[in-house]
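S.K.: What follows is each chain in one-letter form.
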Amino acid sequence: MIDKSVASAEAAVADIFDGARVMIGGFGTAGMPDQLIDALIAHGAKDLTIINNNAGNGDTGLAALLKAKRVRKIVCSFPRQSDSYHFDALYHAGEIELELVPQGNLAARIQAAGAGLGAIYTPTGYGTLLADGKETREIDGRQYVLEYPIHADFALIKALHGDRWGNLVYRKTARNFGPIMAMAAKCTIAQVSDIVPLGALDPEGVVTPGIFVQRLVAIGNAVRAAA
Amino acid sequence: MNKLTRDQMAARVALDIPEGAYVNLGIGLPTKVANFLPADKEIFLQSENGLLGMGPAPAKGEEDPDLINAGKQPVTLLTGGCYFHHADSFAMMRGGHLDICVLGAFQVSQHGDLANWHTGAPDAIPAVGGAMDLAIGAKQVFVMMDLLTKGGDSKLVAECSYPLTGLRCVSRVYTDLAVFDLGANGASVIEMVDGLSIDELRTLTGLSLNDATVSA
Chain A
1022 MIDKSVASAE
1032 AAVADIFDGA
1042 RVMIGGFGTA
1052 GMPDQLIDAL
1062 IAHGAKDLTI
1072 INNNAGNGDT
1082 GLAALLKAKR
1092 VRKIVCSFPR
1102 QSDSYHFDAL
1112 YHAGEIELEL
1122 VPQGNLAARI
1132 QAAGAGLGAI
1142 YTPTGYGTLL
1152 ADGKETREID
1162 GRQYVLEYPI
1172 HADFALIKAL
1182 HGDRWGNLVY
1192 RKTARNFGPI
1202 MAMAAKCTIA
1212 QVSDIVPLGA
1222 LDPEGVVTPG
1232 IFVQRLVAIG
1242 NAVRAAA
Chain B
8 MNKLTRDQMA
18 ARVALDIPEG
28 AYVNLGIGLP
38 TKVANFLPAD
48 KEIFLQSENG
58 LLGMGPAPAK
68 GEEDPDLINA
78 GKQPVTLLTG
88 GCYFHHADSF
98 AMMRGGHLDI
108 CVLGAFQVSQ
118 HGDLANWHTG
128 APDAIPAVGG
138 AMDLAIGAKQ
148 VFVMMDLLTK
158 GGDSKLVAEC
168 SYPLTGLRCV
178 SRVYTDLAVF
188 DLGANGASVI
198 EMVDGLSIDE
208 LRTLTGLSLN
218 DATVSA
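Order-wise, the sequence lines are chains A and B.
Using the working numbering, the final residue of the first sequence is 1248, and nothing's skipped along the way.
Using the working numbering, the final residue of the second sequence is 223, and nothing's skipped along the way.
In case anyone wonders, no lab produced these hints; they're calculated from the structure.
Keep in mind that a hint or two might mislead.
[Unchecked claim] Below, a list of computed lysine-lysine pairs in the DSS-like style, where the Cα atoms sit at most 30 angstroms apart:
#, chain 1, residue 1, chain 2, residue 2
1, B, Lys79, A, Lys1088
2, B, Lys157, B, Lys67
3, B, Lys79, A, Lys1094
Next up, chain B with everything else stripped away, as it sits in the complex (with noise of 0.2 angstroms):
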């Protein structure tokens, strides 16, 4: 089977946001998904330290230290963004405005529940800046994350083990390996890889898993 790589999850995550859409980018790996949106297309990107409209990073020389994102990298704005405080962005997330959400994740269950900020280890020093806002405040929450960890276990669960980040609040897991909705029945498998099946999806998830793949 053909694993698919970071940035052909970034661009499968991209085709899901529609002109016009609101959406915050999450840390790390949901951060490359700015690289794939269409550039025909007007999409809002909200950074939750203070601006809509986000752009990319500057040209070398360019950076500006009071112009940064919410990993504290130089970005820049697009003509038309514009700046806000904290609460105001925080209520844009809170308060229901912000179309899609995609964050990272170190487990999902198949209710929609996610861990994303905390490994519970006992000396790690909590850290959780805005993603218990974000996993319930956006309509939608995308994570994408590789389905299986190094060990080979699932980051799909009946359960989450690690410390909860927000309660039924992922509606879709983007994976190296197969796209799942999640809800109040489970995970449905929407898509998977060339050469993997649903059932050798069930086994390495060990879930019971719909199968709501539409053949080509």
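Excised from the complex, chain A in its bound form (with noise of 0.2 angstroms):
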């Protein structure tokens, strides 16, 4: 019997190594699996390089992983927020690398490595600041730069369903990053609300596939109530 649920997020997240390339879903807070980042955190790994929309908000999740100096790089589009002050701190100071890509070209660059594709051609950020010294090519008529996958060792993501083979449903815009991270990660470990027997999924419904995750942890009440 195949059985990926794993009793713990402690679990879940321990052989995540020193200097791992880590993927995190959510958009905001919408979506970021707070119990794994805790877990993650206690664990201790280090040096890590993280992919994740922003770059944490107030004190909890992502920000408190970065206050925690666990972070060496991050990888996101939007990093300045008005509660984004544990990543300012660490910028101005030195002590993070930031790598600033243009959320459509994230969202592609991870579906590509997802997909198992060499590189990609975007019109996005064609003739900015952030595709200096990038190669670019016309393709009939319009301008494009060439972008590399964004791939990871691991990929923490939050969903609200999932079962026993990995299957997952999402809630809301909290399903956001999570189904393409979940594709580009060598180890993708989901917090989900409740797990639930094999075929209470509408095989119709299901948002990511069971191939594309490896562990799921069930958090219990983590997400009001289906409004």
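Using the supplied hints, reconstruct the complex from the two chains, each of which is provided in its own coordinate frame.
M.R.: Structure below.
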């Protein structure tokens, strides 16, 4: 019998190593896997490269991981926010490396990694600072920039329901990067509100097929009951 | 002359959004346009974090942390709306499926170059988000901004001095003083507020400006 569920968040992240590349789902705090991040902080892995849309909000989740100084580099599209003070302080102190990526290129590069593509040509960013020094090509009269896939050793994501084969469904806009990060990492760990019996998820409605998920942890009532 | 208020600018933009259009309203001033879309027309608002059919802010106490817009504010989903992941969301832009996006700007060039993500200040933490994807993705890119900075400099310029977001991507600019169409022939004035002349606009902007206003 295949059962990808793991007893605890701590057990799920136990093999994340120093220097690992870790994708973390979420747009702001929606979809951020707080319990997995807390477990990662407790676990102690350091020198991490984190891939996320933002660079932490407030004092919890990714912001707490940054505050604990476990992150060497962050790859994101929108670090600066009203409540990104932990990142801001590290950045100004020169204690964190930032790779700034336009949001759609971030998504496309993550998706390219999951799909096994060697690179993509994207029109986004052409002629801007964020394409400086990058190879470009004209295709059918339009200019494109060569961008490489973003791979990761681990992805930490949050979904609503999962089953023991790793099939996932999400909740509202908390879906955001979950499905594509699940595809791009060697080991995807999902925290879910609950693990349902096989067959309980409508096969037509499965958003992330279980092949992309290696471990899942039931967190209990981590999200509000569906509104 | 009577400068348009921000609400009047938003109402003016809303007039150019037809029923059935798929529209992304950028963070900040463009968000106001939603308040002026006619209730009797169905217009699809997209939010790049992953929803189509975005509705207004929820009633107090009804906020759901899993249902937010690109500005991370709580919103609602209209009946018939749907959710999707980030790669699909940006395919909607980059793939040319969005009809209109409305963005704010630091500067727009007379040929449609857009600068709205970074002032270039050395100590500023850069952040780009979806600005570059929106700028080059939507079929039509509208900019909403005050024509002049607080210091009186025109934000519609011959060439942008701030770092660019996208090249030759803005088709129309709505300001508090005039509405401009942009293209290979430069900027054309299509509307002005009462009491303003095209020559005064040319002086304010330092641009030659084509007169495309239609007399009432």
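S.K.: All the hints need checking, so say for each whether the structure fits it.
M.R.: Hint check results:
1. B/Lys79 x A/Lys1088: Satisfied, since the Cα-Cα distance of roughly 22 angstroms is no more than 30 angstroms.
2. B/Lys157 x B/Lys67: 35 angstroms, violated
3. B/Lys79 x A/Lys1094: Holds - the C-alpha atoms of lysine 1094 of chain A and lysine 79 of chain B are around 24 angstroms apart, at most 30 angstroms.
Consistency note: the structure conflicts with earlier hint 2 alone.
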